[in-house]
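Chains as they are written, first to last, in this note's numbering: chain R, 1485 to 1684; chain V, 21 to 372; chain U, -6 to 473.
Some hints could be false.
Some chain U residues near chain R, calculated using beta-carbon distances under 8 Å [said to hold, decoys possible]:
1. A55
2. F59
3. V63
4. F107
5. L122
6. T123
7. L130
8. L167
9. A190
10. M197
11. V198
The calculated lysine to aspartate or glutamate pairs, modelled on EDC-like cross-linking and capped at a C-alpha distance of 20 Å, are [stated by the list, open to error]:
12. R:K1653 <-> U:E54
13. R:K1664 <-> V:D338
14. R:K1658 <-> V:D131
15. R:K1653 <-> U:E27
Simulated coverage check for chain V against chain R, where a stretch passes if three residues somewhere in it have a Cβ under 8 Å from a Cβ of chain R [unchecked claim]:
16. 137 to 143
17. 155 to 166
No lab work stands behind these hints: they were computed from the structure.
Built from N, CA and C at the ideal position, the CB exists for glycine as well.
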Amino acid sequence: MTFELFVFYVFAAILVFAATMVITRKNPVHSALFLVLAFFTSAAIWLLAEAEFLAIVLVLVYVGAVMVLFLFVVMMLDIDIATMRAGFVKNLPLAILIAIAMVIEIFLVIGSGSFSLDQFAAPLPLPADYNNTASLGNILYTEYMYPFEVAAVILLVAIIAAIGLTMRKRPESKYQDPSKQVRVKKGEDRITVLKMDAED
Amino acid sequence: MDLLMSLWEWLGENLVVVQILIKIVIIVAPLMLCVAYFTYAERKIIGYMQVRIGPNRVGPKGWLQPIADAVKLMFKEIIIPSGANKTLFLIAPVLTLGPALAAWAVFPFGDGLVLSNINAGLLYLIALTSVGVYGVIISGWASNSKYAFLGAMRSAAQIVSYEIAMGFALVGVLVAAGSLNLGEIVRAQEGEGGLFNWFWLPLFPLFLIYFVSGVAETNRAPFDVAEGESEIVAGFHVEYSGMPFAVFFLGEYANMILISALTSLLFLGGWLSPFNGWPLLGPMFDWVPGIVWLFIKTAFVGFFFLWLRATFPRYRYDQIMRLGWKVFIPITIVWIMVVGLAVVFEMPWWFD
Amino acid sequence: MQFEMPSLIPVLPELFLLTMTCVILVVDLFLKEEQRVISYGLVQISLLLSVCIVYLTSGAEAEVIFYGSVIRDPMGDVLKVAIYLISAGAFLYSKDYLLDRNLFKGEFYVLGLFAVLGMTVMVSANSFLTVYLGLELLALSLYALVAFDRDSKAGSEAAMKYFVLGALASGMLLYGISMIYGATGSIEFPQVAKAVAETGMDNMVLVFGLVFVVIGLAFKFGAVPLHMWVPDVYHGAPTAVTLFIGSTPKIAAFALAMRLLVDGLEPLHADWQGMLVILAVLSMALGNVIAIAQTNIKRMLAYSTISHVGFILLGILAGTSKGYTAAMFYSIVYAIMALGGFGIVLLLSRRGFEAENLDDYKGLHDRSPWFAAMMLLLMFSMAGVPPTVGFFAKMFVLEAVVSIDMTWLALVGVFFSIIGVYYYLRIVKLMYFDKPTDDTPLTAGLDTRIALSVNGLMMLALGMFPAAILSICAAAVGSV
């Protein structure tokens, strides 16, 4: 066993373990943290496959941003685990059945020999000065420009939808207008001097 | 000396892991020392700014104060609050310190003087700095304390917000340098104009935004709402004591040094001499090694961290959010466009 | 690497619509509440201009651009024009409804236009990647539109169901696509078709991939057994959104099926034919039978959609150009019928009142004989009563099925449409033979009245001259 293969199996084992924990832990925060671990190890496996850009972006986007917000929400919500688990036992047989079917299917697909090494030769190791990021960028902005732009539009829709669905102006909440605050003049805006007749 | 060199080469051929470990020690040990004396510098500098003297009892002029602090923290009891999640509670400080140290792996201290010279160095840095937030979130949640939890929530939202501005500022650097490799980025700033060739001039708005976002990312004043001792006691690490607290402390200062060093690397020419190519001063300072320039620049930027803390009152939370989302992000996006145009049209002086 | 900038003329309609959508998005920010109608006007203008652009830039030959990502062919052009026009109609009908419910916002139209854009991207896709992205663009916009009325619990619930199930279906589709990619080594339809023709059906991976693709497709169509979302979404969404979801996305689903199954996996026809037969029979049976039990017209129309989807699938599974033509004709006609049907529902609704129950249609003839007649035409057409266009749509499909020697399937189709006639005619009975329960006069703008009249009369006119659209469809399909 080469060193790389050893590293692969170590990461793969951690990944499978973390993924199992994600779905079996009772506490949603633990699940989310195991998901973070799963992302991290899959990034490591991608690194082994010489896809360093994807690996780092996975850490950057999923671990660094998405999961942080996810944890944020999970921690804030007071999730009642008992009610969430209520249907668990009832649905378990069906779930196991489906899971077994899926596993058999995956084995049939992968084990069918369609993806074996005689069908596809193992890729040659890339030279040291090969730049994964640059080649991805090259292909993304030329050959795949149209899908890339459509994907950008999808993100725009996501922004519009999120803002459209959540933003509501409540009349009772008070806002400040910083630009107004900055433009305040020393004299007339801050104090008003009232002239009053003296009372007896 | 020859014996040492041949031993080193032998290690490189046969036991690469050991060689790498030695390199890591060579980087981390001085770094820890820097962290220790950075805390001392902070107390002294802020002391003088506030017309006090600062620590001056342990050792001559108080020089041994950081050592004394370290010893004290090491011998203090580690208190784990009841109802806390023990594993996560203890892992959290490590998660703060870990990324702060790991980031140095791709940091070039001089031309070619780097532990791991990878192509996607800049991306690696962004990824690692974004992971650092987990320490804060986990500590806040695992402490089973309202104050800690509030601090964690504040910190999570703040760091995620400022990460975007920070990332965009780095995109500007990437566009200007045309590479993600940190060494290449420094080399792109080399030129006849010395310090006027560095990226701080053409990328000035990004330079400021990167630094300010860095302050926010490290939860330092005036963006220290995650700690906010006058509001939520000490925020996420209110329940920590002894060594776990010390690790948090180390992590915070290591992060500050990292941000300062990165600022000097990306915008202030890294190991380059500021007088490079100048008629008289250039040759005069030729003998100074690059790492010294890097150290001076890092110290200079680090000083700003302390200066900010001594000078500014704490931002209010909604103002922090407004600054991040409505001011910084639009400015960075506009400036990326400007830089892009400048690069495309090969604007003289920097990009020709 | 040398990069050649592709000609942008073939994608000009999409580019134009995207630009206009962004313009509307920004313009809308600066409009006051009472000026909102300006964005509405801009939406209609851009849709109509898009139709013109499609017309002006169309060519007889199929043209592949963007390194095989996009194809511009006559079939795409016809479907795009239909999508633009029917969407314009949907926006027109929904205007008053939205105004009455404080939902008349720029976002509604922006999201609607993005959905239209997604559909057109799908229509002219030439690779699995483009098809998938177009589908997601459409789906994401629709999820948001279903939840558009934030204060409605039913709407949020429907959006949630739609979103979760839709994401699952997208996952299935992607899984299938990845398997097909694994088996063929390409995501572009022509290459995939070539590779599939070479390897044939022995390839296990390919067949699994096909199964997953068909599952994803069936979900987007709303075909049984993946129809669960349809009634809930139709029922829960604001009626204006139901109208939109009920009409044009069916055309897009047809395009999706054509691109995936015919362009990409034509050599596997024997495999997917069997799957589609099951889907079609189940859809027609379940849709028509369960629709009878509904008392809510939106749910009833949802089940009717399911049964119509069965018919569209019948046309596709025939696998001949006659079948494709029939299916295309059916999907366009169905979109127009659904537009009219939900248009009447919108017409009867008013501020604070949703004309959702069948009882609300009692005595419509006494309240407004003209629109009762329009509804009559629409219902006749949906039921497939001659001489309305619905009859011809069904007839063409059945003809195509018979011509491939699957007469039994045609008989099943006829049997279930006869069952279906019952619930369409029940509405007619309610409108003409029952006493009205409320006498509020219909309040609708002139534009809605005219459009609805045109829409209703179209059922009759197209029924008289079905060749008008059919010949266009035949020409479009013939070129594929």
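Evaluated hints:
| no. | hint | result |
| --- | --- | --- |
| 1 | A55 | violated, 16 Å |
| 2 | F59 | holds, 4 Å |
| 3 | V63 | holds, 6 Å |
| 4 | F107 | holds, 5 Å |
| 5 | L122 | holds, 5 Å |
| 6 | T123 | holds, 5 Å |
| 7 | L130 | holds, 5 Å |
| 8 | L167 | violated, 14 Å |
| 9 | A190 | violated, 17 Å |
| 10 | M197 | holds, 4 Å |
| 11 | V198 | holds, 5 Å |
| 12 | R:K1653 <-> U:E54 | violated, 52 Å |
| 13 | R:K1664 <-> V:D338 | holds, 16 Å |
| 14 | R:K1658 <-> V:D131 | violated, 55 Å |
| 15 | R:K1653 <-> U:E27 | holds, 18 Å |
| 16 | 137 to 143 | holds (count 4) |
| 17 | 155 to 166 | holds (count 3) |
Checked against the numbered hints given earlier, this structure breaks hints 1, 8, 9, 12 and 14; the rest are met.
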